[in-house]
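Participant: These are the residues of each chain, in order.
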Amino acid sequence: MAINILIVDDSGVMRSMILKTLRMTGVPLGNIHQAGNGREGLDILDEQWIDLAIVDINMPVMNGEEMIDRMHEDPEMKEIPVIVISTEGSKARIERLEHMGAAFIHKPFTAEIVRDTINSILGLGENDES
Amino acid sequence: MRAKLEEIMSKVTIDTLEKLAFMFAFPCEGEEGEPSDSIAAGSVSFTGPFSGTLVMTISIEVLRELAANMLGLDDGEETTEDHRSDALKETMNVVCGNLLPAIAGDEVVFDIGVPGVLPADQEIKRGAGIPDAIEPSARVNLDLDEGQCVLFLFLDGEIPKDVVSP
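Chains as they are written, first to last, in our numbering: chain L, 154 to 283; chain R, 73 to 238.
Think of the hints as simulated: they come from the structure by calculation, not from any bench.
Quick caveat: nothing in here was measured; it's all calculated off a predicted structure.
Certain hints may be false.
Stated by the list, open to error - Which bits of chain R does chain L cover? Going by a derived footprint, with three or more residues having C-beta under 8 Å, they are: (1) 86 to 93; (2) 138 to 147; (3) 177 to 183; (4) 227 to 233.
Here a beta-carbon is modelled for each residue, glycine too, at the ideal position from N, C-alpha and C.
Model the full structure from these sequences, guided by the hints.
Facilitator: Below is the structure:
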């Protein structure tokens with residue numbers, strides 16, 4: 154099963170890094186969509202079939218935490234798995250995100266961490282890869 | 073305290089450059105001033121149990137390599153000015169985001185501002201909005217194959233002793 158992924162980060166370089174890393178993970182990729190903030194991310198979620206959202210926290214216009222909150226309020230979006238990729242170092246803030254149902258990856262990250270987190274949150278086994 | 077801050081800052085920056093861009097940096101001691109060749113500079117401010125600004129100056133050649141590696145460009149592919157600015161800002165964001173918990177632990181909360189690129193024609197402290205009288209609380213010089221990277225940590229006052237991670 155190919156996975157359609159939305160990458161939301163205000164840094165174009167970081168979006169490219171995440172995309173490059175996704176291609177190294179062996180996870181079967183479908184369509185990859187990109188957004189520069191939470192508002193744009195919600196617009197794409199509204200229009201496209203997305204299996205996984207990868208979201209930064211500190212972004213202009215709408216930050217990642219607010220985007221996740223809005224997703225939870227929308228019946229069409231609330232079940233979409235979310236991985237937060239951020240530099241956040243506070244245990245309390247990371248726990249709050251995890252309580253919201255998001256998995257957390259700390260920057261800088263490796264392809265192995267991204268792969269394992271995706272497999273865990275989507276319940277993928279080895280047979281689903283490549 | 074300064075030696076400890078510099079040790080942490082050096083370790084965090086070396087680790088960040090390696091993991092973000094597969095670039096290997098080494099501390100070089102005893103050098104003052106900024107990188108002698110053409111440089112770019114950026115800054116990011118933070119607030120929390122202690123507040124301040126992290127400033128990074130970086131040789132243009134290091135920045136070109138940093139941006140190309142972060143983007144995964146092939147040899148010969150050129151980065152744009154936007155790529156390089158974005159790479160510098162994102163690197164500063166990651167260094168700062170890892171530096172603060174390395175100093176103070178993960179129980180405290182910091183708010184990290186939006187990183188910015190400093191104007192090329194201005195003195196660094198002025199460009200970063202740091203008063204002339206304030207000296208850096210820590211400074212780290214790193215050598216890379218392509219040039220140098222220098223980090224300055226400016227603090228608004230002292231770091232409270234009770235927030236420093238053992």
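Participant: List, from low to high, the hint numbers that the structure doesn't satisfy.
Facilitator: 4
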